[in-house]
Amino acid sequence: MIANKSFITTALASPQTKAAEKVSSRNAFIAGLRACGALTMAAVPFGMVCGAAAKAAGFDFHQAFALSWLVFAGSSQIVASQMFASGAPAWVIVVTGIVVNLRFMMYSAALAPHMKGLTPVRRWLAAYLLTDQAFAVTLARAAEGRPGTESFYFGVSAGLWLFWQLASLAGIVLGALIPPIWSMDFVVALTFIAVLAPVLKDRSMAVAAACGAVAAVALDLPLKLNLIAAAFIGIAAGMLTSRLWKR
Amino acid sequence: METLVEWGIIIALGLGTFATRLSFLALFAKAEPPGWMRRALQYVPPAVLAAIIAPLLFAQRAGALPAPEMERVIAALLAFAVAYRTRSTLLTVVAGMAALWGLQALME
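Line by line, the protein sequences are chains H and S. Mapping to the numbering used here: the first sequence position 124 is 124, numbers consecutive. Mapping to the numbering used here: the second sequence position 93 is 340, numbers consecutive.
Isolated chain S, as found in the complex (with noise of 0.2 Å):
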């Protein structure tokens, strides 16, 4: 029963994924997205991959707001820097690793 559940999510997220990219490719084919939908979904990257950023910056604490861990903070603004100049994914990781790890040297 347990497994079920987890090959359910697997496979459900699957084939909506793929929806996703049949859409406009041979879903709709002959369509074009219309204006509200096209305004709508260029805000997708950059709210989803801002929510998912902002609390792997931060610690869970049972009960309170979550607070800042400052290595990270720090790091993740350095990248944050390099990707802004470079446009480069790979230093971007690597700035930001090598950043962390100092920090954690530091603090320790």
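Isolated chain H (complex conformation) (with noise of 0.2 Å):
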């Protein structure tokens, strides 16, 4: 609905309003480069463990620096290397990647109100930019009800993919120097720990969580399927207990 009025006034604004806008989008830009700071301090270490990880993995130089770039997802560059290192088969790994990030969906139609007053080409910028952080801090500020969402979200993202590609490159460079006794790959549990303590207040997503997780290690199946399985598990043990325990 914001989005919607904005649009509507950015074509009926006279000259002066415009300029009047061009800097205010240009400091919601900056306010969006400032927030993306706190973000990048816990994206670096990740990004490091996860370019060393492509890099261990077996794919060279090009190909990790590529999936840093192409890919843009932590989680599934993590679970692609680590599945391409047990010689898992190429379409499984690459149904599991886009498995992970199927939530991806769920931020795009969230942020889609906010993004209608773009043109087609920043929209697909808008989209190889989307990520978790950008998500959460984008939708936070605009819950506030405050105006260049669509700026601030590109601030964000713009220094998030920076860092995140810098962190990759120095893992992949570095990686092979960091003694394995540092266990640096525990970064990963632990990255993925802090985003999914805060959600495990639902009954349904805590079921959910558990599911998952149980199948994940119990399940034995061929062709490294396991992981696939348990996000299917897990997320129907999650629909079911919603269900189950109607409010």
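Hints should not be assumed to be uniformly reliable.
[Unchecked claim] Below, in silico cross-link-like pairs of lysine-lysine (BS3-like), each with a Cα-Cα straight-line distance of 30 Å or less: (1) S:Lys277 x H:Lys22; (2) S:Lys277 x H:Lys116; (3) H:Lys22 x H:Lys116.
None of these hints come from the bench; they were simulated from the model. All values reported here derive from a predicted model rather than from experimental measurement.
Join the two chains into one complex using the hints; note that each chain is given alone, in its own frame.
What follows is the structure, given as structure tokens:
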């Protein structure tokens, strides 16, 4: 609704208000860049681990970096690297990675009302840059009713993208130098725990997580189909729980 | 031939991931996700994240159920408490790594 209104006012705006809007959208972009500061502090170690994991899995430099900028989604990059290293079939790696990233469909739908004013090219760019962190801070800011949602989103995303690529490069180049005894792979678990913990307040969410976790450990399926199966078991368990415990 | 498989994985995963991001922003911008899809998608993050985390806390053993690695399980529980209270990824990672290194040093 808010995005719609700003679209109409932009279309009808006089030159002066257009200039004013340019300034405010620049300010929102800069506010976005600032907001990503705290997010990059957490994204950098994760990015480095993702880069190092790709290289350790057997991808060469160009492939490992392409994984970072073509996929640009840490969790699926890690999963793809782990599965590639363990010799999973290519199609299972691709399907598992996409299942891990299905959450972007949810973000895409939630973000769309705020991006109605964008040209198609910018909308594709916004889609390419979509991440958990950019989505979370942008929606939180939009909920406060502050203007310039699109510019803020691009500011956060541009900063995150740049630091993610630099961290990945550092991980790809330097990863082999880090001794295994440091257990840096544990950063992956910790990063996901940070994302998971706040979500578990809801009972059906907690059931989905518990069933996903148990299935991932206990299942021993051929072709490394464990993660896909665990994901769908978790999703089904969550849906069933919310249906049975309807308030 | 070998590198072709690797590039195939990277490009297919890249395009598939881009499609999930484009979905309601551009591809079906005029559509709303149907109710069943909304209900299912909200469980993707907890189910997938937990399914990735859990095996990282267990040692794989051939021919038997995986056994928990106690240092990792304890460090993960502590990190969970930090994450729940602070909602900070950075603090969670710092606390979890410190706990793991401390426990590993103790058990040596």
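Taking the hints in turn, this is what the structure says about them:
For the proposed pair S:Lys277 and H:Lys22, the alpha carbon gap of about 27 Å is at most 30 Å, so the pair holds. Taken as a hint, the S:Lys277 and H:Lys116 pair is honoured in the structure, with Cα atoms around 10 Å apart against an allowance of 30 Å. Restraint check for H:Lys22 and H:Lys116: satisfied, since their Cα atoms lie roughly 17 Å apart, inside the 30 Å limit.
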